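Peer 1: The residues making up each chain are set out below.
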Amino acid sequence: MSLTASPKSILRGWGQDRLTFALLAVFVAVLSVSPLLRLLVEAMIPQGRMSSAAFERVWNSPIAWTALRNSLETSIGATLLALVFGTVVALIVTLTDLRARNAFIFVFMMPLIIAPQVMALAWLQISGPSSALLNLVGLAPPLGTKNPLYSREGIILLLAVEYAPLVFLTLRAGLRALPRELIEAALASGASRFKVVRSIILPLMTPSLVAGMALVFVSCLGNFGVPAFLGIPGNYLTLPTLIYQRLSGLGPTVLSDVAVLSIVIGAIAIIGIIVQDVMLRRRDYRITTTSMAARPFELGHWRLPVEITLWAVTLFAVVMPIIGLLATALVPAYGIPLNASTATTANFSFVVFQHAASKRALFNSFMLSASAALILTLLSVFLGYFIVWRQSVVLKWLNIAAELPYALPGVVLSIACILLFIRPLPWLGVSIYNTVWILLVAYLARFLVLGLRPVVAGYHQIDRSIEEAAQVAGAGFFRRMFTIVLPVMAPVAAAGAILVFLTAFNELTLSALLWSSGSETLGVVVFSFEQGGDSNFAAALSIITITVTVGLALSTLLFHHKLPQGVLPWRD
Amino acid sequence: MARLIIEGLTKTFGAHAALKNVSMTIENGEFVAVLGPSGCGKTTMLRAVAGFDTVSGGRIAIGDETVSGPGVHVPPEKRRTGIVFQSYALWPHMDVGENVAYALRVQKVGAAEREARVAKALATVGLIDYRSRRPATLSGGQRQRVALARCLAVQPEIVLLDEPLANLDVHLRASMEEEFSAFHTRTGTTMFYITHDQAEAMALADRIAVMDHGQILQMATPSELYREPCNAIVARFIGAGMVLPAHLEGAPAAGRVSIDVLGHRAVVRCRPDTPPAGPVALCVRAADLSLAPLAPGRDQGMRGTVHRLIYQGGHFTADIALEGVGNSVQLSLPEPASVKPGDSVQVIVHDGWVIPEPSPAP
Chain F
1 MSLTASPKSI LRGWGQDRLT FALLAVFVAV LSVSPLLRLL VEAMIPQGRM SSAAFERVWN
61 SPIAWTALRN SLETSIGATL LALVFGTVVA LIVTLTDLRA RNAFIFVFMM PLIIAPQVMA
121 LAWLQISGPS SALLNLVGLA PPLGTKNPLY SREGIILLLA VEYAPLVFLT LRAGLRALPR
181 ELIEAALASG ASRFKVVRSI ILPLMTPSLV AGMALVFVSC LGNFGVPAFL GIPGNYLTLP
241 TLIYQRLSGL GPTVLSDVAV LSIVIGAIAI IGIIVQDVML RRRDYRITTT SMAARPFELG
301 HWRLPVEITL WAVTLFAVVM PIIGLLATAL VPAYGIPLNA STATTANFSF VVFQHAASKR
361 ALFNSFMLSA SAALILTLLS VFLGYFIVWR QSVVLKWLNI AAELPYALPG VVLSIACILL
421 FIRPLPWLGV SIYNTVWILL VAYLARFLVL GLRPVVAGYH QIDRSIEEAA QVAGAGFFRR
481 MFTIVLPVMA PVAAAGAILV FLTAFNELTL SALLWSSGSE TLGVVVFSFE QGGDSNFAAA
541 LSIITITVTV GLALSTLLFH HKLPQGVLPW RD
Chain B
1001 MARLIIEGLT KTFGAHAALK NVSMTIENGE FVAVLGPSGC GKTTMLRAVA GFDTVSGGRI
1061 AIGDETVSGP GVHVPPEKRR TGIVFQSYAL WPHMDVGENV AYALRVQKVG AAEREARVAK
1121 ALATVGLIDY RSRRPATLSG GQRQRVALAR CLAVQPEIVL LDEPLANLDV HLRASMEEEF
1181 SAFHTRTGTT MFYITHDQAE AMALADRIAV MDHGQILQMA TPSELYREPC NAIVARFIGA
1241 GMVLPAHLEG APAAGRVSID VLGHRAVVRC RPDTPPAGPV ALCVRAADLS LAPLAPGRDQ
1301 GMRGTVHRLI YQGGHFTADI ALEGVGNSVQ LSLPEPASVK PGDSVQVIVH DGWVIPEPSP
1361 AP
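Chains F and B supply the protein sequences, listed in that same order.
No gaps in the numbering here: position 90 of the first sequence is 90 in the numbering used here, and each next residue is one more.
No gaps in the numbering here: position 300 of the second sequence is 1300 in the numbering used here, and each next residue is one more.
Hints are computed from structural coordinates only; laboratory data are not their basis.
None of these values were measured; they are calculated from a predicted model.
Ideal Cβ positions, reconstructed from N, Cα and C, are used throughout, including at glycine.
Don't take each hint at face value.
Unchecked claim - Short derived list, chain B residues pointing at chain F, Cβ under 8 Å:
hint: 1; residue: Ala1050
hint: 2; residue: Phe1052
hint: 3; residue: Pro1076
hint: 4; residue: Glu1077
hint: 5; residue: Thr1081
hint: 6; residue: Phe1085
hint: 7; residue: Ser1087
hint: 8; residue: Ala1089
hint: 9; residue: Val1106
hint: 10; residue: Gln1107
hint: 11; residue: Ala1111
hint: 12; residue: Tyr1130
hint: 13; residue: Val1154
hint: 14; residue: Gln1155
To be verified - Stretches of chain F that chain B covers, calculated by requiring three or more beta carbons in the stretch to come under 8 Å of a beta carbon on chain B:
hint: 15; segment: 458 to 470
hint: 16; segment: 482 to 488
Work out the full structure: start from the sequences and follow the hints.
Peer 2: This is the structure we're talking about:
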C-alpha cells in the first residue's frame, strides 16, 4: 500500500467529517435559532413596520393582565406544592432504608410518562359528580354540582402532581453526589438525624432545590394541557390558554398580539431562570470531595407506617385516577356506573376503527413521534460526537441554542413556527403551514435536547481512543461512525429515542396551536372529545396512549444497565 | 517497517507551544522511548506522528513519505501505523477475533488471508483460545495483549505505544514489559514508546529521548543517559542524580579530570573536549558518595551535617546538608548507622560526571 498523500485523498479523508459538521451546524442553527429570531422580529416590527401598536393593545387588554396573574398564581402555587411533595419523597427515598424503592420510583415518576392533559382528564373522572368509580362505591358528589377541579386550586394541584417528579429528580441527583463524610461528621458531632437533614443536607442541597424549582416553574408556566382541561370550562384563563383562544379567533392583528403574549411568557420564564442563577451565586455550595453514598438512615419501627403513607398518597394521586379513567372508558355513556352488565369495549373500537379524526390522530402521532425520535437520534449521535469528542466550539454554542426551544414554554415555539412558516418557504415556494410537516419541524426543534442529552452523557463516559483505534486501522469517517461509534452508543441513543418518542406522543402544547384538519394528533383529538362532552371517547383514547407510553418506558428496563446513571428519569 | 523522521516539529495550541522545534530520527526496527513528565509534550508528539493532530511547523516522515509538513497532512487512516492505547481501546461490541480482524476488513483483505493473519497474531500473543471472547471478560493484561495483536495483524510500518502499562498493576507490568520486548525481537518493527516511567524506558528501549517543556533534552542509550547526562535537568531526572557546583582544576586526560567540589578535590569523568579551567556543574549519585570520619584541617571530603536518616530496610538513606551552599546530598549507609541526625560529617566523592552543557546555577 502506498503512502502517497495526493491532494485528492486528503480531501476525501478530511472531507467527510467536515462536510457532516457543516451540515449539522447549519441544520441546528436553522432549527433552533431561526423560529425564535422570527418571533422577536414580529414583536418589534409587526408586518414589516416598526410599531409598538401590538404591545399597546396587549398592555391595554384587561384579559391579558388577568391571564398573566392567573399564570403566575398557578405556576408559583404549583411550584411550591411540588417542591414540598418532591423534596419529602426524595429525602425519604434516598436517605432511608425504604423497601421496594425501584417500584415506588417508577410509580411516582408515572406523571412524567403520562401526558399532563391525560392526568387532568383522569383526575376529573374520579372527582366529578358522575365519576364512574365514585358511583361504583357510592361516594360521588350530588349531580349538578361543579367538579371542584375546575378551578385555580385544581390546576395548582394537578400541576404539582405532574411536576413533583422534577424536584425529586434534581434533588435525588444532588443527594447522591453528597459525600457520606459530611453526614457522618454531623452524626459524630452528636446531631440527631432530623437535625442533620435540616442543618447539613438541605442547606447543601440548595442548588438542586433551586434548580428543581426553576424547572418546575417554567414547566408550569408553559403547560397548556392542565389549564386547558381544568381552566377553560370555568373561564379561568392562563397565558397559554389565552393565546390558544386568541389564535382561534380571527382578525388582522391576531398574529402580532399572540407574538407579544408569547414573548411575555418567554420573558417570565427567562426571569425565573435568572432568579435561580442569582440565588445560587450569593453563596458557595460547592462540594469538594466525592465518595460513596451515605449509609441509609434506619426508619426502625417507623418503616411500615412511612411506606404505607408514601404508597397510599402516590397510589391516590397517580394510580387511582388512571383506574377512574379506565372505568370511564369502559362504560357506554358518561355517568353510567361500571359493572359487569354495563362494561363495554365500544369506546375503544369507536376511537380506533370508526372516528376518522381519531384514526388519523393515532397514525399521525405515531408517525410524527417515531420520525422525530429516529431523526433526532441519528442527528444526536453525530452532534454529540462533534460536541464532546471533537470539542467543537461552534457546536457547543449551538448546543446551548438547542436548549432554548425546550427551555422556553412550548407556546413560544408554536407561535414562532407559525410566524416562520405562514408564508411559503423561500426558493421552494411550497408552504408547510397547515400540513403535518410544520408539526414535525416543531417537534424536531423542541425535542432535540431530549435526544441529545443522553448521547452527550454517553460520549463523556467513553474514551475517544476507540474511535482513534479504528482510524489507525484505516477506517474513514462514516465507516467509523457506523461500525464503531453507533454500536457503542446504541443504548444511550435508544434511551434518547424513547424519551423523544414518549414526549412527542404525549404532546399537546405544540399541536394545539399548529394542527390542521388532517394533521390531528392524539392530544388534539382527546382535547376536542372532552370539549365536545365525549368523555368516554377521550378516556378510551387516553388509555391507549397510556398503554403505549408506559409500555415503552417499561421496555427500557431491558437495557437500562447499559446506560449512564440519570439518563432515564423513571429508572434509578 | 520503516524509519521515522521528525524534523523541526512545532505544535502550538493558541499561545502555548506544546512542541518546540523537535527533531529525531528513529531507525528502521529501532525501539525508542520518549520519556518525560506529564505535560512535557510527549503525547502531543505521538498524536502528531499518528496523524490525529496537524502540525504547526516542521515535518514528519514515515519511510520515504512525508506524512505531515507544510501543506501536507496524511490522515491517520492512511498512515499504516499501529497504536497501543493506554486505555486499550478495544471495541466492546466485537469479540477478540473481530477486534483483530477489523483493520483487515477495512483494507479488504480476503477472508482466507484474514483468517490466517488473525490466527497468527493471536498465537503470537498467546491468546488463540480467546478468539470468541468479549473484551469485557478479559483481564487488563489480556486486553493489552489483544491490543498488541490488533496492531500486529496489519503489519504496520511503525507501532506507537501510548503509556501502555500505566493502567496495569505493578506485578503485571513486568510481564507485559517482557511481552513488548519479545514482540519487538520477533517482529523487528520500529517502535515508538511514550512513558513517564524511567524504569520502563530503561528496561525496554534501544534509545531514550528525554523530553521537557516541548523540547528533547537528550536522546541516547539508557546507559549513556545515566552515566553522561547532557544537562542538569536530565541529570536530576534520570536515576535521581544530584548536581553540585564545582571548579575544574586542570585539563582532562583519558576521559577524567580533577575538580574542586565545595573544597574537596576529586577525580571524575568528563567529555574529552572539557576546557581546562572554570566553573562547572557536577552530577553525582548516591553510589558515588561515602562518609569519612571528621578530621579537622584535612580534606576528607565535602563538609556537612546529617539532617535526617531514612530507614530503607537493611540500609539507610542519609540526607546531608552541605556546608556553605544550599545543597544537600543523599547517600546510602549500611545498618547499623554510624552517624545520627545533627552529626557533622565529610562526604567523599568517588566518581561523578562533569555536565557539559552550561546550565542555570544548581
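Peer 1: Give a verdict on every hint.
Peer 2: We went through each hint and held it up to the structure:
no.	hint	in the structure
1	Ala1050	holds, 6 Å
2	Phe1052	holds, 6 Å
3	Pro1076	holds, 4 Å
4	Glu1077	holds, 5 Å
5	Thr1081	holds, 6 Å
6	Phe1085	holds, 4 Å
7	Ser1087	holds, 5 Å
8	Ala1089	holds, 4 Å
9	Val1106	holds, 4 Å
10	Gln1107	holds, 6 Å
11	Ala1111	violated, 17 Å
12	Tyr1130	violated, 18 Å
13	Val1154	holds, 7 Å
14	Gln1155	violated, 10 Å
15	458 to 470	holds (count 6)
16	482 to 488	holds (count 4)
In this structure, the hints that do not hold are numbers 11, 12 and 14, in rising order.
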